[in-house]
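Participant: Chain A is already provided as a structure; the job is to place chain B with the ligands on it using the hints.
One-letter residues, chain by chain:
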Amino acid sequence: MIKTPAWIQIERRPSPSGWTVFAISVVAILLALIVAGLFFQFYGVSALRAYGDIIKGAFGSRLGLTETVRRMIPLLVIGVGLTVAFRALFWNIGAEGQLLMGAVVASGIALFSGLPDPLLIPAMFLGAFAAGALWGIGPAILKAKLGINDVITTLMLNYVAIYVVHWLILGPWKGPTMRGFPYTDKFPTAAFLPMLGGTRIHLPTLAIGLAGALVLYFVVKKTRVGFEIRVVGENPDAAKYAGISQTKITVLAMVISGGLAGVAGVGEVAGVHHMLLNPSSIALSYGYTAIIVAWLARRNPLAVILTSFLFGVIMRGGDVIKISLGLPFQLVNVFNGLILFFLIGSEVLIRYRIRFGTVKETS
Amino acid sequence: MASKESVPLAVQLSGIVKRFPGVVANDGVSLIVARGEIHCLLGENGAGKTTLMRILYGLYQPDDGEIFLHGKPIRIPSPRAALDHRIGMVHQHFHLVPTLSVEENIVLGLSEGTGPFLRFKKTRQKLRRLADEYGLDVDPTAKIWQLTVGQQQRVEILKALYRDADILIMDEPTSVLTPQEVDALFGTLRTLVEAGLTIIFITHKLDEVMEISNRVTVLRKGKAVATVNTDESSKAELARLMVGREVVFRVEKKPPQLGEKILHVEDLHALNDRGLPALRGMSFDLSGGEILGVAGVSGNGQHELSEVLTGLRKATKGKAILGAHDLTQCSARTIADLGVAHVPTERIRVGTVPSMSVRENLILKSYRSREFCKWSILDERAAHENACRAIKEYEISAPHDGTPVGNLSGGNIQRLVLARELSGSPKFVVAAHPTYGLDVGATEQVRVVLLAQRDRGAGILLISEDLDEVFQISDRVLVIYEGQVMGIVRAEEANLEEIGLMMAGSYRQAVAE
Ligand SMILES: Nc1ncnc2c1ncn2[C@@H]1O[C@H](COP(=O)(O)OP(=O)(O)OP(=O)(O)O)[C@@H](O)[C@H]1O
Ligand SMILES: [Mg+2]
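Taken in sequence, the protein lines are chains A and B.
Here the numbering used here is used: the first residue of the first sequence is 1, the next is one more, and so on.
Here the numbering used here is used: the first residue of the second sequence is 1, the next is one more, and so on.
One chain only, chain A, in its complex shape:
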């Protein structure tokens, strides 16, 4: 039995302010950084040096900064969509697969559609949005109609998507010009996304992410549909009572969430690689990292701009420690795991506060 000493008091916070939430989140991240520092020490690298290198690598140069933003883009686009799914209390763990399906359809359009050049990129975005949305709707309908667990269905569909990509690049879409490597052919240049001068920042995707954050913030806060999404997410029984169709709202949320994940896929194949290749090289766990991004933003689409940038820095940090310190890129996953860990732990502090013996002795 845990005994609480009399000088520590725990009580429910009436309604935590935005600043409280912000401060607690910052503390959670700092704690994660401190614990992650221990891992650097295990590798024999001073944590201070490692963090110094990461900050230099992420902000110190134009290249560093633009690479950070490049990493941020898919996290932003997916994260913004995930906030909507999470608001509707739909646990979309499947953004990774939705991203891959978007990448597949975009690649198909780029390579085989024969559309006139100016239509190519718009068609790729639309197709990818539709593909991601379709990949997301299935679990939404299964949950709403049959009560099948969304975490499991969305997660399993990730593996299906991974194998679809494998099959395509090893089979029917294997590029004749690629000398037996498991890639498709390179896209025609008309299907390359426009870049910010001399960088690898693919502009249309970034623009969609930023606009998405603004629009969805407005939609959730101010519109009728946003109201319905919030009611369904906060109390499904009240939604039913108010005559709001949970099926409709869940499907809509997954169209947005899955669709945006699909769009992120376009950015990766048409902005970075210019071909469809190994799923792990395309997705890089963006779909999973974006879950943390959305949660850290407390399901607020605008805050995702900030949190996706933070995780852009962390992913860029992975490059840096690989190149300059010779440590494995996978340490990034340790980071992400720790941040998620402390974040979930901090939820308690958002709902409850601890007071230290503040009751005055009056007698």
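Take these hints with a grain of salt, some might be off.
Straight-line C-alpha distance at most 25 Å; calculated PhoX-like pairs for lysine-lysine [to be verified]:
{"id": "1", "chain 1": "A", "residue 1": "240", "chain 2": "B", "residue 2": "253"}
{"id": "2", "chain 1": "A", "residue 1": "221", "chain 2": "B", "residue 2": "374"}
{"id": "3", "chain 1": "B", "residue 1": "253", "chain 2": "B", "residue 2": "205"}
{"id": "4", "chain 1": "A", "residue 1": "222", "chain 2": "B", "residue 2": "374"}
{"id": "5", "chain 1": "B", "residue 1": "365", "chain 2": "A", "residue 2": "222"}
{"id": "6", "chain 1": "A", "residue 1": "221", "chain 2": "B", "residue 2": "205"}
{"id": "7", "chain 1": "B", "residue 1": "261", "chain 2": "B", "residue 2": "205"}
Rather than coming from a laboratory, the hints here were simulated on the basis of the structure.
Facilitator: Just chain B with the ligands, lined up with the frame of chain A:
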């Protein structure tokens, strides 16, 4: 209780202050509870009763003031500490895990015996002993979701007793109970007191205060205004102390102006949550300008009837015709759009979204209307004005209309639901326990509003276990038993004995009216 010095004190609260953003819930409250007494806390909705008891139970920390237990100053940093001090609490809304069994719920959070495995043999022995001693009969292996509300409450009491509570706080325990269950509860409380426990009891029903308590403390707007010995006081005095002015216990009821038939229910059948028949061929009619009370022991299909009529539950057979529509074929939304208002049984779980604001909850049903929504965008100004109106008219006490509903007191949440459902001009109102958790003043006010809706021409189906309420405002009373209509009588011609027999299922009216 002539002199306080001669009686050992159980609890003494002195100068307790508790502030929430925008409200002072407790403003220097002092309270003395003697050992072995039943002490009632009385006060209007939002007076600060629940807050005060949550402080005693360690859920909130006071901003100022002191707590003495058996004469010694103590701090109660958490509910666990309260339990260590042998203080137990049965909350206004239960805290049980529905999918677990009774005994699992009872040992939840305790470190019983040794090792990682739960051993229920000892638990069962102790439970059986407690149950026998205090008349708290429940099957320890039954799952919580299978129990009635009254049985769940017994589990909550057993949970506290199992933890050796000798001070038991009960927050509005009777508002969810049937009259029979209330009697049983009072029996239990008396044996508990005989066994040396001290009980603090919150209620809005003055009859109960008079029946069960030794002393009463009245709270008004966060302050303790008086403590009186029950046998030296009266209902009228208590009401005056509570409200600060004289209260009339009578609602003016004009003879009904019956309009045309608005609802025709025929051979209605439906299942309950467990898939068993709950409605078994109900038929009745309702006219505009009429209140039809539904009397019955809870769990006889009232809840399912209200859900079927509002589109929240499917009928398996039969029809319910409202105007040109069969309600059994309509969605909840269509039914609401037809002008059907619904005050649901479970206001927090179903009737509101606790994390959303007062303003948003007040438009939960009408957010799609032209008034609140233009070009798919919600009109916040209109919602705000609507909220201000409702807050004023229904005296909802909330710091402002952006406060989350979950922060309101129980009675104020009920007022909010009523404001939303009764403010328009509904054609047909399904009101389940509309005065649940309301203080004396608000109860009368709601009855007045219901009668006003009836006089305006609405048809009202009033579901309540409170027979006084049913007979006070209904025009006709339908007695329900096991999902069937046992009879329908005019309220003023009712023979209470006959009604009792019908509620028990042992008598059925021969002729349909
Ligand atoms: N967690 C909270 N956050 C903010 N305000 C609160 C909170 N809990 C209670 N209040 C406010 O404190 C006041 C007292 O509430 P309390 O629940 O103690 O009233 P009550 O006497 O139990 O009323 P009722 O009879 O309606 O249950 C109310 O105005 C309520 O809105
Ligand atoms: Mg209360």
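Participant: Compare the structure with each hint and give your call.
Facilitator: Structure-based check of all given hints:
About 35 Å separates the Cα atoms of residue 240(A) and residue 253(B), which puts this hinted pair outside 25 Å; it is violated. A C-alpha spacing of about 15 Å is found between residue 221(A) and residue 374(B), which places the hinted pair at or below 25 Å, so the restraint holds. For the hint pairing residue 253(B) with residue 205(B), the CA-to-CA distance comes to about 22 Å; that is within 25 Å, so the pair holds. Between residue 222(A) and residue 374(B), the direct Cα distance comes to roughly 11 Å. Compliance with the 25 Å bound is thereby established for this hinted pair.
The straight-line distance between the Cα atoms of residue 365(B) and residue 222(A) is roughly 17 Å, inside the 25 Å bound, and the hint therefore holds. Distance restraint check for residue 221(A) and residue 205(B): the Cα-Cα separation of roughly 41 Å exceeds the 25 Å cut-off, and the hinted pair is therefore not satisfied. Distance check on the hinted pair: residue 261(B) and residue 205(B) sit about 35 Å apart at the alpha-carbon level, beyond 25 Å; violated.
Violated hints, listed in ascending order, are 1, 6 and 7; each of the other numbered hints is respected by the structure.
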